Amino acid sequence: MSQPTISVEGLGKRYYLSHQKRQDTLRDSLTQQFRRLGRRLTGSGPTEPEGEEFWALRDVSFQVSQGDVVGIVGRNGAGKSTLLKLLSRITEPTTGRAVIRGRVASLLEVGTGFHPELSGRENIFLNGAILGMSRDEIRRKFDEIVAFAEVERFLDTQVKHYSSGMYVRLAFAVAAHLEPEILIVDEVLAVGDAQFQKKCLGKMSEVARDSGRTVLFVSHNTAALQAICRTGLWLQQGRVAQTGPIADCLAAYLSSGNEAATYTATNPNKPHITSVTLDRTALAQGRFRISVGFKSSTPLGRPVIGVTIFSKLGQPLAGSNGRMMGEQWTPSAMREGLIIAEIDPLPLHSDTYRVSVYLGDAGQDYDQKLEAVEFDYISPHFYPQCPPLSVIGQYDLPWKWSVEP
Amino acid sequence: MAHPDTPELVLEAGRASRNYWWDLWRYRELLGFLAWRDIKVRYKQTVLGVLWALIQPAVTLAVFTFIFGKLAAMPAGNVPYPLLVLCGLLPWQLFSAAFSNASGSLVSNTHLISKVYFPRLIVPLSSVAVALIDFAVVLVLLVALCLWWQFVPDWRVLLLPVFIALTLLTAIGTGLWLTALTVKYRDFRFVVPFLLQIGLFLSPVGFSSTNLPTWRALYSFNPMVGAIDGFRWCLLRGEPALDPLNLAISAGMAAFLLASGLWYFRHTERTFADLI
Numbered sequence: 001m002s003q004p005t006i007s008v009e010g011l012g013k014r015y016y017l018s019h020q021k022r023q024d025t026l027r028d029s030l031t032q033q034f035r036r037l038g039r040r041l042t043g044s045g046p047t048e049p050e051g052e053e054f055w056a057l058r059d060v061s062f063q064v065s066q067g068d069v070v071g072i073v074g075r076n077g078a079g080k081s082t083l084l085k086l087l088s089r090i091t092e093p094t095t096g097r098a099v100i101r102g103r104v105a106s107l108l109e110v111g112t113g114f115h116p117e118l119s120g121r122e123n124i125f126l127n128g129a130i131l132g133m134s135r136d137e138i139r140r141k142f143d144e145i146v147a148f149a150e151v152e153r154f155l156d157t158q159v160k161h162y163s164s165g166m167y168v169r170l171a172f173a174v175a176a177h178l179e180p181e182i183l184i185v186d187e188v189l190a191v192g193d194a195q196f197q198k199k200c201l202g203k204m205s206e207v208a209r210d211s212g213r214t215v216l217f218v219s220h221n222t223a224a225l226q227a228i229c230r231t232g233l234w235l236q237q238g239r240v241a242q243t244g245p246i247a248d249c250l251a252a253y254l255s256s257g258n259e260a261a262t263y264t265a266t267n268p269n270k271p272h273i274t275s276v277t278l279d280r281t282a283l284a285q286g287r288f289r290i291s292v293g294f295k296s297s298t299p300l301g302r303p304v305i306g307v308t309i310f311s312k313l314g315q316p317l318a319g320s321n322g323r324m325m326g327e328q329w330t331p332s333a334m335r336e337g338l339i340i341a342e343i344d345p346l347p348l349h350s351d352t353y354r355v356s357v358y359l360g361d362a363g364q365d366y367d368q369k370l371e372a373v374e375f376d377y378i379s380p381h382f383y384p385q386c387p388p389l390s391v392i393g394q395y396d397l398p399w400k401w402s403v404e405p
Numbered sequence: 406m407a408h409p410d411t412p413e414l415v416l417e418a419g420r421a422s423r424n425y426w427w428d429l430w431r432y433r434e435l436l437g438f439l440a441w442r443d444i445k446v447r448y449k450q451t452v453l454g455v456l457w458a459l460i461q462p463a464v465t466l467a468v469f470t471f472i473f474g475k476l477a478a479m480p481a482g483n484v485p486y487p488l489l490v491l492c493g494l495l496p497w498q499l500f501s502a503a504f505s506n507a508s509g510s511l512v513s514n515t516h517l518i519s520k521v522y523f524p525r526l527i528v529p530l531s532s533v534a535v536a537l538i539d540f541a542v543v544l545v546l547l548v549a550l551c552l553w554w555q556f557v558p559d560w561r562v563l564l565l566p567v568f569i570a571l572t573l574l575t576a577i578g579t580g581l582w583l584t585a586l587t588v589k590y591r592d593f594r595f596v597v598p599f600l601l602q603i604g605l606f607l608s609p610v611g612f613s614s615t616n617l618p619t620w621r622a623l624y625s626f627n628p629m630v631g632a633i634d635g636f637r638w639c640l641l642r643g644e645p646a647l648d649p650l651n652l653a654i655s656a657g658m659a660a661f662l663l664a665s666g667l668w669y670f671r672h673t674e675r676t677f678a679d680l681i
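Protein sequence lines, in the order shown, are assigned to chains A and B.
Counted the way my numbering counts, the first sequence spans residues 1 to 405.
Counted the way my numbering counts, the second sequence spans residues 406 to 681.
Note that these hints are calculated values from the structure, not bench results.
This one's a predicted model, so the numbers in the text were calculated from it and none came from an experiment.
Quick reminder that beta carbons are idealized off the backbone N, C-alpha and C, glycines included.
Careful: at least some of the hints might be erroneous.
Taking beta-carbon pairs under 10 Å as the criterion, some of the chain B residues facing chain A (in silico) [to be verified]:
1. R431
2. Q450
3. N514
4. K520
5. R591
6. T676
7. D679
When you get a sec, could you build the whole thing from the sequences and use the hints?
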């Protein structure tokens, strides 16, 4: 076995969060310099730190061998994008080192550098050059790119007149025809209509499988990850939580802890929601289970929690609350507690969903947490021939089929 | 794939790639594309289009000729006063366009800098190229005026590229300073128009620098003095004569600005994506 294509040792990236004022105007910086100088001259006190440290990435080590297709998973803020930015040389690591063997092209955003005033044809050349293609290379692949994007008729139209679908198609088409040895891709399949997403996924796996190229791929789309990647890298709070076969990493990631949010009351005298916890393990088994904590300064007679599940586009899909249940819901008065709602099985297709929760009592509502948690649901039912959800909807209901001659 | 000779790239804190200049060369096509984009977009959705590049200097020319030539009645030697002004205006416009384009270039390309790697020097350099287009348009105005006064430049015009280069190097040097500073301190956005305004008064655009016989050496610390004198010398048949010492001072200043600008730019370049 030859040397690994990418080897990363103890990579870390530190940012400073300045809490009060941003010190990005010259005056702030100057006054601070003067203060520091004054302190040094008088010899009093230590120099103050530049703000609170925040390690977006810490002690990350892994290796990728040639031809590997690595899926990177983790929650928002786990450091996935930072890792890709470091490997693409956009920013510099604070600690550690990475050795990369081969030409890298990275696609951190679809359509980087597209100019709305330029035509589709011109943007293909511009975007290609920005992504690191040579003029000859673009010219050679031009027809292929146009055919893939399905924009032949609009090639000489300014991109600002394109529909968003056309824009994304064109942008992805350019990127899909890159031919680097190492391809770094960040969450770019989250855009475009379902048909085109499918086409892109197909292209991605073709690129990954047939050409022996090394690919690093970040996505929240677990189905796509499973289809394309062989290896997984799970990041948690800036550190590597697990590496190994993609299926193992995904399983571990999806069942890791709960999707949770905690809240501090703005007005502690008013009854309020203290926590919202989504049970990940239940989700992985195809059940929906959410616990909502609440607190009140006076006992809350017959506390009521409402829960509504929304599609990722914000369309309400299903909701319920204790009040609706009437005589079935008769808890005693309490100051604080945890109310649990469950749907078993959860009749939804695999997608991203959001949940809003509400707190009230028999008569009125007190508190609400809109879009308190968001989750990626992987349905235990897998339909290889599933049409896009924009066509058939989000619900996976227990259909019964029969024929009559 | 994975040839034994594939380049090995090491990413580490403080290790700005050793093959930076080689990278810059490899990305030269991108430089061309970015310049081409800016040129294409510059006059889109304007009615008068590229005429704008002509209107501005033409009006300035008329105003300066009136103020310095008529009101102040400054001497122009054997040259029609408007020609004298235009030969000052040409390098000044080139400088001011190149300088202000370069100064704003990084911040206006934020989306590129935070999403793609390439040697960042490409951004200010490509923006300077755009200024050359407007410059070429104003040259047409010069040819027209020369025809009008039947004024034919002599062999010295062949040395004009030297002074165009001096102007551009000055613009790049100062532009690199300001664009890198603007990434961190947006204050410098306000400094650019201010500097240009002051610079216009401190450069011999509307009059000949021979009007200041005693101060000329000190005056030449403004590199644009050398550039403007040079333009006049090339285009106006060697009049006023060039003083080698003053020219050397201007060229030295331009070189110093360029070297220090490059140094500061390279020094801060690694943090651009984090700050912008």
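Restraint outcome when R431 (chain B) is required to lie within 10 Å of chain A by C-beta distance: 9 Å, holds
Chain A contact restraint on R591 (chain B) - CB to CB distance below 10 Å: 7 Å, holds
Restraint outcome when K520 (chain B) is required to lie within 10 Å of chain A by C-beta distance: Constraint on K520 (chain B) satisfied, holds at 5 Å.
Per-residue hint verdict: N514 (chain B), partner chain A, C-beta under 10 Å: 8 Å, holds
Per-residue hint verdict: T676 (chain B), partner chain A, C-beta under 10 Å: 8 Å, holds
Hint check, Q450 (chain B) versus chain A [nearest Cβ-Cβ separation less than 10 Å]: Since chain A brings a Cβ to about 7 Å from Q450 (chain B), closer than 10 Å, the hint holds.
Hint validity - D679 (chain B) Cβ closer than 10 Å to any chain A Cβ: The hint holds - D679 (chain B) has a Cβ within 10 Å of chain A, the shortest such distance being about 5 Å.
When held up to the earlier numbered hints, the structure conflicts with none and fits them all.
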